[in-house]
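> Protein chains in written order, with this note's numbering: chain A, 1 to 287; chain B, 1001 to 1363.
These are computed hints drawn from the structure, not numbers from a lab. Just so you know, these numbers come straight off a predicted model, no measurement behind them. Among the hints, erroneous ones may be present.
[To be verified] Stretch by stretch, here's where chain A covers chain B in the computed footprint (C-beta under 8 Å, at least three residues):
{"hint": "1", "segment": "1092-1100"}
{"hint": "2", "segment": "1104-1111"}
{"hint": "3", "segment": "1259-1267"}
[As the list claims (entries may be wrong)] Restraint ranges, calculated between C-beta atoms of paired labels, are given here:
{"hint": "4", "chain 1": "A", "residue 1": "Val29", "chain 2": "B", "residue 2": "Ala1140", "range": "54 to 62 Å"}
{"hint": "5", "chain 1": "B", "residue 1": "Arg1114", "chain 2": "A", "residue 2": "Arg92", "range": "26 to 34 Å"}
{"hint": "6", "chain 1": "B", "residue 1": "Gly1046", "chain 2": "A", "residue 2": "Arg274", "range": "45 to 53 Å"}
{"hint": "7", "chain 1": "A", "residue 1": "Val116", "chain 2": "B", "residue 2": "Arg1114", "range": "35 to 43 Å"}
{"hint": "8", "chain 1": "A", "residue 1": "Leu20", "chain 2": "B", "residue 2": "Lys1174", "range": "33 to 41 Å"}
{"hint": "9", "chain 1": "B", "residue 1": "Glu1243", "chain 2": "A", "residue 2": "Thr8", "range": "20 to 28 Å"}
{"hint": "10", "chain 1": "A", "residue 1": "Leu32", "chain 2": "B", "residue 2": "Ala1140", "range": "28 to 36 Å"}
[Unchecked claim] Going by beta-carbon spacing under 8 Å, a handful of chain A positions derived as facing chain B:
{"hint": "11", "residue": "Ala184"}
{"hint": "12", "residue": "Ser191"}
{"hint": "13", "residue": "Ala271"}
Glycine included, every Cβ here is placed at the ideal spot set by N, Cα and C.
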Amino acid sequence: MKPARNLTLFLLLAPAVIWLGLLIILPHVEILVLSLSERVGPRVYKFGFGNYLEFFTEPLYWRTFARTAIMSILVTVITLVLAFPIALYIARVAQGRLKAMLLLLCLLPFWVSELVRTLGWMMLLRETGLISYLLQMTGLVGQPVEMLYNDGAVILGLVYGGLLFMIVPLANALESLEPSVVEAGYDLGGSRWTVLRRIVIPHATPGIVAGSIIVFMLTVGNFATPVLLGGKNGLWFTEQIYAQFITRFNWPQGAAFGMLLLVLSSAIVWAGLRLSGQSLGTTLRQA
Amino acid sequence: MRAAMASSSDLDLVAVTKRFGPHLAVNDVSFSVTRGDFFSILGPSGCGKTTLMRMIAGFEDPTSGDIRIRGKSMVGVPANRRPVNMVFQSLALFPMMSVGENVAYGLNCRGVARAEAEQRATRMLERVGLKGFAERRVTALSGGQRQRVAIARCLVLEPTLVLLDEPLGALDLKLREHMKIELKQLQSTFNTTFAYITHDQSEALVMSDRIAVMNQGRFEQVGSPRELYHNPATPFVASFVGETNRWSGEGGGAGGTDIRLAAGATVHSTGIVPAKSVLCFVRPEAVALSANAESLASLPNRFEGRVSAVLFDGANSSLLIDTQGFDQPIRAVLPQAGPLAGIEVGASIHLGWTADAMKVFPA
């Protein structure tokens, strides 16, 4: 019986192991190896940390990363602030069909590819776009307004893309809050603000952390939205990786940037967890 | 404002009605609770007692009528501004806070300084027998301890009225029996008015000074536990409060006191029974048992039957006796100290009851 059971276990685990091994571990090992090879001459490589050093010595690179990280944190915070009331409504007010409908509405934009969604925003925001046209129609502005190719447009696009990934874990966390606990909060004299601050938010913390991690990671690693909505001013770190791999054909440098993106953004997530006093374990259980 | 009323009662409900769409959850209920009383609202689930309590707490607004606390109308006053605190059925302790923080929460809301709030919370925990528990997580407490935290959390605010919504429901039997006594003791030490809702008649009978029996949105009767038990005003109260035998029959008419039961027997009551269908109730402890007919000779209602079941439950043991003329076995208390204590199924037995032990209501 025992060998048979082991075989079953092995077969059941096989897809996951293969997936992890071939699609995640193997490429990353390859990238790590690649990133540690310095180009010393045409087609001549040697082992070294030069590619990593390049990141810290060339201000453009680390500044781009810092900008990406700070904007991603900003996007995460804005997404959280916007998603919280929506999730609260879905989890605690809406019932039955309405609840399902609202979740579906949040999901609906994701049936369209990210590229198309971003192009949609471009049509709205560009100089000859709908919003500019409407502003001229109502006489609020005298000439066409360009709303693309600035940080605001990038943040808008990224928040839009991250909203769903914040709403779902938040709504999940809020749903498990017993209604009578909230009522007890009021009954004992709490104002709306007190109940929110001392009961609802602490209860939702694992959901907040889970949503924030997902949105932050998606935002940091996003490529299409900052490139399309930010244009030349986008300056997203993923563009640097793209440029190294595709434009400059400097794969080792690109690989080093890729590893740095992974390590540095993980470090930011870790710092965030420490600051909010959450452990990854409880957060994952919530998500 | 009725000053006289305000001085003696903590809570007055005047013709309170609550509708949910076409459904009448609470139908024209009026009552007063005297200061320092333990008042219970007893009723089956779905009778509207929870809705009533939620209106007093401020979570629902009455469709019509007035709720007054110490003479002040509470209609339109939000829950967090009422001098009323509630112990929830699920207790609803704050799992994100420690025991001490749970108790201090209400004080914090009132703007009591942190140090003082902590001190008062600690003192309150001592008074409910939870000394040294302030730092514990609420999830690490036993059922009875959680109960006490829920009550301490209310009492620390010194409310005019504490509402308790079946707080013992989730406890196991042994603990429930214990908490009944403890709750009653807490209430008398703090001398706070308690309004307690329950579907468990034994909880209501043991703890209450006064009980309101509620059914289908209305109050059937308000009175002391003894009054309800011995002088029920309606058939519902007679059958809901305490164990009872219940038979339907028809009055003999002609100014007599005879009732012919549907299954054939004739029983005698004290009052004149009109020739209409009636319901008769006799408590199991009012049924006298004897091995011979002579010792029951003085009773107007005498029968002979055969024991069909012995329900042994210590001091609450009873017999089910198949009796000619009754559609179901008669239930009678079996004293465990008496000569019949060892009676077996199938034994023949004589039984009877006085005329005034039987309550008769028009059906």
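> Which hints from the list above does the structure break, by number from lowest to highest?
Going through the list in order, the structure violates hints 3, 4, 7, 8, 9, 10 and 13 and respects the others.
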